[in-house]
Each structure stands twice: as structure tokens, then as C-alpha cells.
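Participant: What follows is the residue order along each chain.
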Amino acid sequence: DVKVTQSSRYLVKRTGEKVFLECVQDMDHENMFWYRQDPGLGLRLIYFSYDVKMKEKGDIPEGYSVSREKKERFSLILESASTNQTSMYLCASRQGDWGEAFFGQGTRLTVV
Amino acid sequence: KNQVEQSPQSLIILEGKNCTLQCNYTVSPFSNLRWYKQDTGRGPVSLTIMTFSENTKSNGRYTATLDADTKQSSLHITASQLSDSASYICVVSAQSNTGKLIFGQGTTLQVKP
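Line by line, the protein sequences are chains D and V. Anchor point for the first sequence: position 1 equals 2 in the working numbering, and the numbering is continuous, going up by one each time. Anchor point for the second sequence: position 86 equals 343 in the working numbering, and the numbering is continuous, going up by one each time.
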């Protein structure tokens, strides 16, 4: 059973804190993605990575950074959390431009 | 600009009824199109994939169509069940080595008893 696992389902952080969201996949996929999902806006791409140590900005990278030191792990970092970063965060992985994208269960982050 | 648009934004139907969700896309060069189902509070799960050469594909009570000429796809749900209540997202892949996906906004379907 293929799996993308996100480290937390729910997270509450204070404004200004540094936040780490971890994502691990067990399918040996090259490509990994971080999205945020907000009501009425759909899924928006924050960052993606197509190889170890490679990263590309998505559509809304401001306030975020990422790390991919190992193929199976892709981390999203909020350098200084702000209330407008309260959202559902989804990690996904896929192989090439053909394979199905597999999503984690999501992390609902609340910044207070 | 690559875009995917879905309609309607939301839909309410009675259990047992059929419904059709629409997706229009402007993505080039086109690789494939998938419909995903997302239950509340969960990550999306793929229902079906459509390639350039395919017109229709079924997965149980779900039937997807693709018209590559008009760049339109539809998802038809037959004999709806309460468990079909979810968001349905149309996702298009462009030919690319980065695997980027272009998402529609989704259609929220509510099936009432």
C-alpha cells in the first residue's frame, strides 16, 4: 500500500515561531510537492522538488522554504509563522508527468 | 497561461440521482487529466486518468469523458450515494520532467438522503 505520510494532522503555533512540516513517501518518487488549500482558492503550489537537493518555487513561495536532503523526505519550513499562513497543507509525490500524484492526509495548521 | 476551470462550484443532489461535473482546461502541451475525490479533512485520491487518445473511462459508478479537441472533460456519477459527498478536483498534467500539476478549484458535491 503506497503511502505519503505527513508528520502531523493538526498543529497550533504562535505568530513568529519557526514551523517544520515533514513529509515522507515510500514509493521512490522523484517529484514531491507542497500545496496549501484554502476555501474558494483550491490547491496552490508552494514549492516542489524534482530531485534530491533540488527545489523550485511554486506559485506562492513567499514566507516558506523547503528542504530535500533525502529522496523520500520533503520538508516545508515557515521561517516566521504568521496568521495568514493558517491553512491546510498537503504534501504529494509522483513519478514523472504521467504517474498518479499521491497525497498525504494533510496538516491543518493554525497560527495564533 | 495554463488553467483549469470547473463547474459548477457546488452541487446538491438527492441520493440515487445522477450528476455531471464539468472541467475545461487550457494546458499545453497536454499529458493527461485526472479526476480526484477529496473527502473533508483528507488528501485527494485519484478516481481516473484520461489520456489524449481516450474518450471515455469508467470506474464503478464514475464515468469520465475527455474531448481533447475542445479541451473539456466531464465526470458523471451514477446512482449517487451519501459517501459520494466530497470535493471533486480536475487535475491536468503538462508534459514536463518536473511533474507539475494544474488544479481546478473543485466542485463540492453534497448528496442528501
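Do not rely on the hints blindly, as some may be mistaken.
A few chain V residues that don't get close to chain D, going by computed Cβ distances all over 12 Å [said to hold, decoys possible]:
{"#": "1", "residue": "I269"}
{"#": "2", "residue": "E272"}
{"#": "3", "residue": "C276"}
{"#": "4", "residue": "N281"}
{"#": "5", "residue": "R291"}
{"#": "6", "residue": "Q295"}
{"#": "7", "residue": "G317"}
{"#": "8", "residue": "D324"}
{"#": "9", "residue": "S331"}
{"#": "10", "residue": "S344"}
Pulled a few chain D residues facing chain V out of the computed Cβ check, cut under 10 Å [to be verified]:
{"#": "11", "residue": "R10"}
{"#": "12", "residue": "K14"}
{"#": "13", "residue": "G17"}
{"#": "14", "residue": "F34"}
{"#": "15", "residue": "Q38"}
{"#": "16", "residue": "L42"}
{"#": "17", "residue": "F49"}
{"#": "18", "residue": "V53"}
{"#": "19", "residue": "K54"}
{"#": "20", "residue": "I61"}
{"#": "21", "residue": "G64"}
{"#": "22", "residue": "L91"}
{"#": "23", "residue": "S94"}
{"#": "24", "residue": "Q106"}
Restricting the straight-line Cα-Cα distance to at most 27 Å, the calculated cross-link-like pairs of lysine-lysine (DSS-like) are [claimed, not checked]:
{"#": "25", "chain 1": "D", "residue 1": "K72", "chain 2": "V", "residue 2": "K357"}
{"#": "26", "chain 1": "D", "residue 1": "K54", "chain 2": "D", "residue 2": "K19"}
{"#": "27", "chain 1": "V", "residue 1": "K258", "chain 2": "D", "residue 2": "K71"}
{"#": "28", "chain 1": "V", "residue 1": "K314", "chain 2": "D", "residue 2": "K56"}
{"#": "29", "chain 1": "V", "residue 1": "K357", "chain 2": "D", "residue 2": "K58"}
{"#": "30", "chain 1": "D", "residue 1": "K4", "chain 2": "V", "residue 2": "K258"}
No lab work stands behind these hints: they were computed from the structure. Where a beta carbon is used, it is the ideal one built from N, C-alpha and C, also for glycine.
Participant: Of the numbered hints stated earlier in the document, which are not met by this structure?
Facilitator: 5, 6, 10, 12, 13, 18, 19, 20, 21, 27, 28, 30
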